[in-house]
Amino acid sequence: MRMSIEDQKRLYRCLYLTRHTEEVLSDLYREKKSPYKPMTGIGQEAVTVGASFCLSEGDFVSPALRELGAMLTRGMSVRQHVLDALKKPESMSGGRFSAHHSGDISKGIILGTYIVGSNLPVALGVAFSLKYTESDRVVLAFFGDGASSTGSFHSAMNCSSTMNLPLVLVCNNNAYALSTPLRFQMKTPDIYIRAAGYGMEGVCVDGQDVCGVVEAVDKAVRKARAGGGPTLIECKTYRFRGHSESHDFDDGRPAEELSTWRAKDPLVIYRRFLLSGKKVDEKALRRIEREVEREVKEGMEYAFAAPELSADKVDMYTHLYADNGGREKNV
Amino acid sequence: MKTTISGALRLALRDEMTRDETVFLIGEDIGYYGGIFNVTKGLIRQFGERRVVDSPLDETGILGIGVGAAISGLRPVVEIMYVDFITTCMDQVINNAAKMPWLSQGQLKMPLTIRANFGTGKGDGPQQSQCVEAWFMNVPGLTVVEPSTPKDAYGLLLGSIRYDGAVLFLEHKLLYALQGEMEPDGRALPLGKGAVRQEGKDATLVSCGLMLHKAMRAAQELLEEGISLEVIDVRTVKPLDLELILESVEKTGRLVTVEENPYTGGWGLTVTDAVNRELFGKLKEAPLRIASLDVPVPVSNVMEEMVVPNVERIKREAGRLVRHGKGRQ
Ligand SMILES: Cc1ncc(C[n+]2csc(CCOP(=O)(O)OP(=O)(O)O)c2C)c(N)n1
Ligand SMILES: [Mg+2]
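Keeping their order, the protein sequence lines are chains A and B.
The numbering of the first sequence is this note's numbering, which starts it at 7 and goes up by one.
The numbering of the second sequence is this note's numbering, which starts it at 1142 and goes up by one.
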C-alpha cells in the first residue's frame, strides 16, 4: 500500500487510540474503579490495527479475543466499547454479551465468540456469502496460536482454499495460549507453513512492525478482492500483559523474554519510523496523542455516566426468536 | 480435616494417581499453571509431565485421547476448562465415549472421567456460564455427576475415576471455595446415590450443585415460617436416585425441583416424570419446577440475577406451593 502522510498519521492515531484505551481501562480495573476486566492486546497493536487498516468500506473483520484494535480501527468508538464493557443498557448488546466479542455489523465488525477458534468458520461463511453475491468485499479473520490447534482453524483453511473464498486469515502468534507456551501447542513454532498443505499462500511477518503487517495484509486483501482466494498471514508478536488484567503482567513468563519483546514496542517502532521520514515531526505526533487522549477521556466519561441497567427495564426476550412472538416464555 | 471443594478434588486426584498408575490427567493449562481454578495445582510437580499433560488448545484432541486411552487400559481424567467448550468435542463424548462399551458388547471399557467447571454467578456470559446437564440427559451411556460439598467432591471423583464407564463430572465454579469437613481416606462414594440434606414433611426439594445450597437456605428460612421442607441432593444427575426421591415425595406429597438450567427440557423433568408416573394419586399438588429463564445467560450481573433462581424465588414459590397449592400466580 502506498500511504500518504495523512494515512500514516491516521495509522499512528489508530495505534495510539488502541493502546491508550486499553491502558486506561486496565488502570481503572486495577485501581478497582471499573468492574471491567480487559484482555488487552497491548504489544500486539501492529497486528490488530495494521491488518484492519488495510480494509475498506464494506469489508468485514472477525475479531478473536484481544482485537480491540481491529474494532476501533474499523470505526467503533471508544464510547461504544466502554458502554459494552460496563454493560450499560445503551451498549450494543444491552448487557447480554461481553465487550471483547461484541460486534457492530454496521461497521463490518462481526460478533465474536468466547469459544476459541469458533469465529473462523463464521468468517468463512461471510466470505462464502461475498463470493456468492459476486461482491468484491473481503473478510479479515483474526486468531491466535492457540486457536490454530482447533478443528475450526482447519475447517476455515480447507474450505476457504478449496472454495477460493475472499478470506484473509491473520494469526496473532503471541507465543502463548493462556499459560500454554508454543512447545506444548505445536511441534513447529511456525504456523504460516501450514498454508502450503491447503494449497494456500502462507506469509510470515514481524508483528511488531506495522509497516510490514500492512504491506502483507494489503497484498492479501487485494488478492482476495480480485478473486485470488485466501491467504494465511502469521504475525510474530507478544502480549505485554497477562492473559487478562486479573493476571500478573509476566503471567509466569520468563523475565528476559518479556523484556526482549518489550523492547520491540510497536508504537515506539512506528513512531521512530515516522520521525525518521522527516515528514512528520514530534509536535504533530504529540498533537495526535493529545487528541486521542481527549477522545478517550470523553468516551469514558460518557460511558461511565450513562445510566445503569435496572431490573425493571431489562429486555430479556427480544430477538431470541425471529418472530418475537411471545412464545419464548415457558416459565 | 477442613478443606475447600477445589482442595478436595485435588486430594482425590492425588490419591487416585498415587494408588493407580493408569490414572493420568490431560487438559489445557492444567500442569504448570495448575488449572484455571487451581484444582490441579502442584500435581505436575508431584507426578511429572507424563501423567499431567498440558495439551494444545484442542478439545477434540484431548477428548479423543481420553476415549482412546480409556479403551486401551488407562484411566484418563480429561479437563474441559469450561463445560461450554465441550460443544467443540461433543462427537467424542456422545458418539464414542457414551456408546463404545455398548456397541462392543463390553469388549471395550470406558473408564473416562471428563471434569469441567460450569455455571452462573461470575458474569462470564452466554458461552461460559451454561448449565448443561440436560444436554446429556438424553444420551444413554453417560453418567453425570455433580458434587456440592468437599466430602462428596472427594468421594464422587474417586468413584468416577474407578467407574468403568464415561462420567461427566461437573464442578460449579462458585462452589470451588466452599469449605467443609472431609477425610482423604481413599473411599469412593457410589455413583447414582442421592442424599437427604435436610428432613422435612411438607414438600420435597430436589436439587444439586449451587442450587442445592440455595434450596437449603430457602428451606431453613421457610422453617422459621412453619414450613418444613425435605431437601435432597441428587449428587448424580444421571442416572438419578429416583428411589430416594420417590420415597421422600410419597411422604411429603409435594415435589419441587430446583434447577440452574433453562426451564424447557431441564433435568428436573426426569424427576417430575417419575413422580407423576409413580405417585400420581398420592400427590397433594402437581410437581413444581423452579429453573432458569429460557434465555442465554447474559453477561450483566443484573440480568444474570434475574435469569437464575435465587433464594427469594425458591422461598416464594415453594412456600406458596405448600400454603396455597400453587407454585406461581
Ligand atoms: C474452545 C475453547 N477452549 C478453551 C478456551 C479458554 N481460553 C480462552 S482464551 C485461551 C487462550 C487462547 O490462546 P490464543 O488463541 O493463542 O489467543 P491469545 O489469548 O494468545 O490472543 C483459552 C485456552 C476457550 N475460550 N475456548
Ligand atoms: Mg496466543
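Fair warning: there could be bad hints in the mix.
Result set (BS3-like, lysine-lysine): computed pairs, CA atoms no more than 30 Å apart in a straight line [as the list claims (entries may be wrong)]:
id, chain 1, residue 1, chain 2, residue 2
1, A, K319, A, K303
2, B, K1263, A, K43
3, B, K1143, B, K1334
4, A, K38, B, K1292
5, B, K1182, A, K303
6, B, K1292, B, K1182
7, A, K39, B, K1263
8, A, K319, B, K1250
9, B, K1342, B, K1263
10, A, K137, A, K229
11, B, K1182, A, K193
12, A, K94, A, K43
13, B, K1182, A, K43
14, A, K38, A, K319
15, B, K1392, A, K94
16, A, K15, A, K289
17, A, K303, A, K289
18, A, K289, A, K38
19, B, K1342, B, K1292
20, A, K229, A, K113
21, A, K94, A, K285
22, A, K270, A, K225
23, A, K15, A, K285
24, A, K94, A, K289
25, A, K38, B, K1182
26, A, K270, A, K289
27, A, K270, A, K15
Note that these hints are calculated values from the structure, not bench results.
Hints, verified against the model:
no., hint, in the structure
1, K319(A) <-> K303(A), "28 Å, holds"
2, K1263(B) <-> K43(A), "12 Å, holds"
3, K1143(B) <-> K1334(B), "24 Å, holds"
4, K38(A) <-> K1292(B), "35 Å, violated"
5, K1182(B) <-> K303(A), "41 Å, violated"
6, K1292(B) <-> K1182(B), "19 Å, holds"
7, K39(A) <-> K1263(B), "18 Å, holds"
8, K319(A) <-> K1250(B), "53 Å, violated"
9, K1342(B) <-> K1263(B), "35 Å, violated"
10, K137(A) <-> K229(A), "13 Å, holds"
11, K1182(B) <-> K193(A), "25 Å, holds"
12, K94(A) <-> K43(A), "15 Å, holds"
13, K1182(B) <-> K43(A), "24 Å, holds"
14, K38(A) <-> K319(A), "27 Å, holds"
15, K1392(B) <-> K94(A), "49 Å, violated"
16, K15(A) <-> K289(A), "12 Å, holds"
17, K303(A) <-> K289(A), "21 Å, holds"
18, K289(A) <-> K38(A), "34 Å, violated"
19, K1342(B) <-> K1292(B), "26 Å, holds"
20, K229(A) <-> K113(A), "22 Å, holds"
21, K94(A) <-> K285(A), "42 Å, violated"
22, K270(A) <-> K225(A), "24 Å, holds"
23, K15(A) <-> K285(A), "10 Å, holds"
24, K94(A) <-> K289(A), "37 Å, violated"
25, K38(A) <-> K1182(B), "27 Å, holds"
26, K270(A) <-> K289(A), "23 Å, holds"
27, K270(A) <-> K15(A), "20 Å, holds"
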